[in-house]
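Q: Listed here are the chains, written in short residue letters.
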Amino acid sequence: MAITAPRERVDRLGLLLTVAGAAALIWLPFVVFKSNRIVPGEPRGLHEVLPLWAALGVQAVLLGTAAVALGVTDARKRLAAALAGIVVLALAAAAAANTLTPPGNKVVRTALGGAAWVLLLCLGLMATDAITRMRPGPLTRVLLLAMTLAVVGAALSHGTFDNLSVMREYAVNARRFPRELLRHIWLAGGSLIAAVLVGLPLGILCHRVPRLRPPVLGTLGVIQTIPGIALFGILMAPLGALAARVPAAAALGVSGIGAAPAVVALFLYSLLPIVANTVIGLRRVSHAAVDAACGMGMTGAQLLSRIELPLALPVILTGIRVVLVQNIGMVTVAALIGGGGLGTFVFQGIGQTAIDLVLLGAIPIVALGFSASVLLDALIETLDHTSSASAATRP
Amino acid sequence: MARILKSLCAVALLAFAAASPLEAAVVVSSKLSAESAMIGQMIRLLLDAHGIPTVDRLRIGATPVVRQALLAGEIDLYVEYTGNAGLFFNDKADPAWKDLEQGYELGSRLDYAANRIVWLTPARASNAWALAVRGDVAQAYHLRTMSDFARWVSDGGDVVLICSAEFANAGTLRSLERTYGFRLRSAQLIVLAGGETAATIAAAAAGTNGANTAMVYGTDGGITAAHLQVLEDDRHEQPVYAPVPVIRESVLRQYPQIAAIVRPLMESFDPETLQRLNERVQINGESDEAVATEYLKSRGWLK
Chain A
1 MAITAPRERV DRLGLLLTVA GAAALIWLPF VVFKSNRIVP GEPRGLHEVL
51 PLWAALGVQA VLLGTAAVAL GVTDARKRLA AALAGIVVLA LAAAAAANTL
101 TPPGNKVVRT ALGGAAWVLL LCLGLMATDA ITRMRPGPLT RVLLLAMTLA
151 VVGAALSHGT FDNLSVMREY AVNARRFPRE LLRHIWLAGG SLIAAVLVGL
201 PLGILCHRVP RLRPPVLGTL GVIQTIPGIA LFGILMAPLG ALAARVPAAA
251 ALGVSGIGAA PAVVALFLYS LLPIVANTVI GLRRVSHAAV DAACGMGMTG
301 AQLLSRIELP LALPVILTGI RVVLVQNIGM VTVAALIGGG GLGTFVFQGI
351 GQTAIDLVLL GAIPIVALGF SASVLLDALI ETLDHTSSAS AATRP
Chain B
1001 MARILKSLCA VALLAFAAAS PLEAAVVVSS KLSAESAMIG QMIRLLLDAH
1051 GIPTVDRLRI GATPVVRQAL LAGEIDLYVE YTGNAGLFFN DKADPAWKDL
1101 EQGYELGSRL DYAANRIVWL TPARASNAWA LAVRGDVAQA YHLRTMSDFA
1151 RWVSDGGDVV LICSAEFANA GTLRSLERTY GFRLRSAQLI VLAGGETAAT
1201 IAAAAAGTNG ANTAMVYGTD GGITAAHLQV LEDDRHEQPV YAPVPVIRES
1251 VLRQYPQIAA IVRPLMESFD PETLQRLNER VQINGESDEA VATEYLKSRG
1301 WLK
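Protein chains in written order, with this note's numbering: chain A, 1 to 395; chain B, 1001 to 1303.
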């Protein structure tokens, strides 16, 4: 008892986050001021950009959060402290940007500095750690995600952060942004649906005919190793030729550039996780359940649709989750072959060395991937519970 | 099951069909770069103003992608650069590319013969690689042309050039040195592995590591803001990369007035105008559409 007590008093993760956050605040700039969007920019500390009382207030809140991170074990309090820290930090950054931007000036930029990024990361880790400790059910997690997105969306549309550099890039691209965002989702989701329509039957076939498994999974594995941009490039030639030879294909929008090669490439990448997880999921189904179903006189189709697929569903969905998150990231490269999507901003930003424009594409991509992952995780957990519960009630 | 599959196929085909552009509308496209997207916007806005329906497919990719899209008929019009035709037709050595008129003549002839692509009016500006020196240095040593620069370097001028690895190693710098008769020592070079011109311009402007000369593109937006002066290629050593809208012949047949609509726009561009407009997009971060609209209005082409 005497040995474990001191270990409980200081939270290890809290200690790590506090040290990292404090070091960042001391040695790294809070924001970076740029006289235009492509110059490197000058570092500015918290006390240079905020009035004394506000800067001290921000530091006091962060100190309070650090104290909670170090000494409080109640997960709810830890979450509240982390969220308070994030809100105060975000407001401080917005205030700094407002101070540094002369009214009406559209040229100067204020970007988050190293300290702000590190602190946001630390507070984000503290918040997710607290949520994990609370062990929320799937529905609560989805609600938490929805609330977070709603609050962030409200703050962004309210104009609180309009003077921060990323939002300045958004203002310039406001007309294009929704279009590219929808296109990004459409490309990622569309190729996923196509892959499920083909991958699921293929997986079932591989399960039923074990001889097929090694060649099919081997081929899909090889495809998986081709780098994304190379696969796009490889597909440009045959699809272009197809469009040139077969007028019907061209009329349907199939061509060497644009959405077609992107969707085909993502579809090919998506097949392996879906086929492999279908095979694994079906194998996981207990022999007892299959034998019982056969004994009841179920036909092959009935066995598949009533017993095997429902029991394998959580594993199959895990494959779908992997594919969706992977696709959301990989669609980015589609911008290089005219496929559109949020990658357009990323590559345009790289071309103009405008980091803020890169972030305008990259941050929503990360948010999309994260949200998709949370949603599907919740769905999988729900199904897993119901299938194991039904298995328990009907042994 | 078969019926479900059939209807799914039908839905997929319909989705693809819906994604393909309307038959009659002119699909205006561009490369990813700020300048080509901005000129593309101007052309799109002008066509719209003249009642020609357009589809906005700007910024679809790098040169090979846009080029292939045009040849495949997926896009109808975009802004190319005259010197690139040397690349397309595998004929980089032809001296014609070093002259705007000759390069335009040769490129438009080749492209029409091979692909039925029509070159419209080119701008009198070149986006070719060039050297730019700090304004104060240019004034102190009276540097206006590359010949002036070569004289200054050969007389022991204190030059530090910042450029990309591609510029330094792929022969561009060597051929400039040969033509103008100067030689930079490796101590006078700062070579950046990636080397976007935005980085070289910023470094020369700030005098990072003593840099006072930067590799630039002739119409780069950052040049004026960074107080740099582009050195004129007075011996026409570099291929000329003049922006030129290119269009598929079949589309031009359908809307022959496009040539006349685009001509005054392209004729209104000189290097300074393009630099100023590019600066607003690249440096100030204004949207290319806003800059394009304002320019067309200032010229009275748009109400």
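Hint data in this document are derived by calculation from the structure and do not stem from the laboratory. There may be inaccurate statements among the hints.
Said to hold, decoys possible - Dumping the calculated DSBU-like pairs for lysine-lysine here, alpha-carbon to alpha-carbon at most 35 Å: (1) K106/A x K34/A; (2) K1098/B x K106/A; (3) K1098/B x K1303/B; (4) K34/A x K1098/B; (5) K1297/B x K106/A.
Q: All hints, please: hold or fail.
A: Verification of the hints:
1. K106/A x K34/A: Measuring from Cα to Cα gives roughly 12 Å; hence the hint holds.
2. K1098/B x K106/A: With Cα atoms ~39 Å apart, K1098/B and K106/A exceed 35 Å; violated.
3. K1098/B x K1303/B: With a Cα-Cα distance of about 38 Å, the restraint between K1098/B and K1303/B is violated, given a limit of 35 Å.
4. K34/A x K1098/B: violated (38 Å)
5. K1297/B x K106/A: Given pair K1297/B, K106/A holds - Cα atoms ~21 Å apart, limit 35 Å.
The structure fails to meet hints 2, 3 and 4 from the earlier list, while all remaining hints are met.
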